[in-house]
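Asker: Sequences and hints are given; from them, build the entire structure.
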Amino acid sequence: MATLSSSMPARLPASPADGLRTLARFGFAAKGIVYGILGALAVMAATGLNGGRTADKQQVLQTVQDMPLGRWLLGLVAFGLAGYVVWRLVQAIRDTEGKGNSAKGIATRIGYVASAVGYAVLAFIAGKAAFENTSAGGGGGNTRQSMVAKLLEQDYGQWLVGAAGLFVIGIGVYQLVRAYSGSFAKHVNSSQLPTEQQRLVYRVGQLGYTARGIVWGILGYFLVQAARHANASEAQGTEGAFDFLASIGRAPLLIVALGLVAYGLYMLVRAKYPILRGV
41 MATLSSSMPA RLPASPADGL RTLARFGFAA KGIVYGILGA LAVMAATGLN
91 GGRTADKQQV LQTVQDMPLG RWLLGLVAFG LAGYVVWRLV QAIRDTEGKG
141 NSAKGIATRI GYVASAVGYA VLAFIAGKAA FENTSAGGGG GNTRQSMVAK
191 LLEQDYGQWL VGAAGLFVIG IGVYQLVRAY SGSFAKHVNS SQLPTEQQRL
241 VYRVGQLGYT ARGIVWGILG YFLVQAARHA NASEAQGTEG AFDFLASIGR
291 APLLIVALGL VAYGLYMLVR AKYPILRGV
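First residue of the sequence shown: 41, per this note's numbering; consecutive thereafter.
Since the hints were made in silico from the structure, they are not lab data. Check each hint, because a few of them may be wrong.
[Unchecked claim] Label-pair ranges, simulated between beta-carbon atoms:
id, residue 1, residue 2, range
1, Asp-195, Asn-271, 15 to 21 Å
2, Ala-154, Gly-318, 16 to 22 Å
3, Leu-200, Leu-240, 25 to 31 Å
4, Val-217, Lys-312, 22 to 28 Å
5, Gly-59, Thr-87, 39 to 45 Å
6, Ala-147, Gln-198, 40 to 46 Å
7, Glu-236, Glu-193, 52 to 58 Å
8, Ala-291, Asp-58, 41 to 47 Å
9, Arg-239, Leu-89, 17 to 23 Å
10, Gly-59, Lys-312, 17 to 23 Å
[As the list claims (entries may be wrong)] Cross-link-like lysine-lysine pairs, in silico, DSSO-like; alpha carbons within 27 Å at most:
id, residue 1, residue 2
11, Lys-226, Lys-312
12, Lys-312, Lys-139
13, Lys-144, Lys-226
14, Lys-139, Lys-226
Where a beta carbon is used, it is the ideal one built from N, C-alpha and C, also for glycine.
Answerer: In structure tokens, the structure reads:
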């Protein structure tokens, strides 16, 4: 008993900063799990394996829920996503990345808040499904299209939706720039890894951010098309992006799907060896 009780304080956060770091690491891990499953389902769909399908993030939560001990796993994912939300808000408010108060810096920090809101919704859905035993899947597309439909009803609604689409395309381009500039690597403490593993992690990250950039670009294209045609049903999500790739051919779908699996793995590495500034 004495040994157990003496070891517990070392495992608990010793300060608020340590607690925040722990939440961030849980967040990276949860995000990695979501993207890993998302990509794996699409890989199975591209290769014709039984059980494979194109999906969005809410349907990924449903997949977790259907696993053995799924509600417990879903609860852990919900906790991790909530941790990621907290970290994103801290990045925005405390400017941990040193973006500053210029127009570009403010835009980036607003992006952190937008990311926090998106993952907060996902965390809420996961938590509700885990604790109330409700379905975690479905509804994402309807909600998205309802929001776009309401925007289209406003004065200059098509312009607003079109601007949102261009913004999302910009996010995709930014992900591609991060992939090929290597700027994403500054968030992983790769010095703790052997040289060979450092190279592998870097390439996995490049593949992951490239795939993510392509998906964001397609999502933005959908919004632009919805604006052009004043048709909210054209505002598709990740599942629609996968279906779009599949319409081109299995190879593009498979490549992007593998890239999202790579992104999930990279986030798990980031959870293990994070560089967290400002805390």
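Asker: Among the hints numbered above, which are violated by the structure, and what are their numbers in rising order?
Answerer: 3, 6, 9
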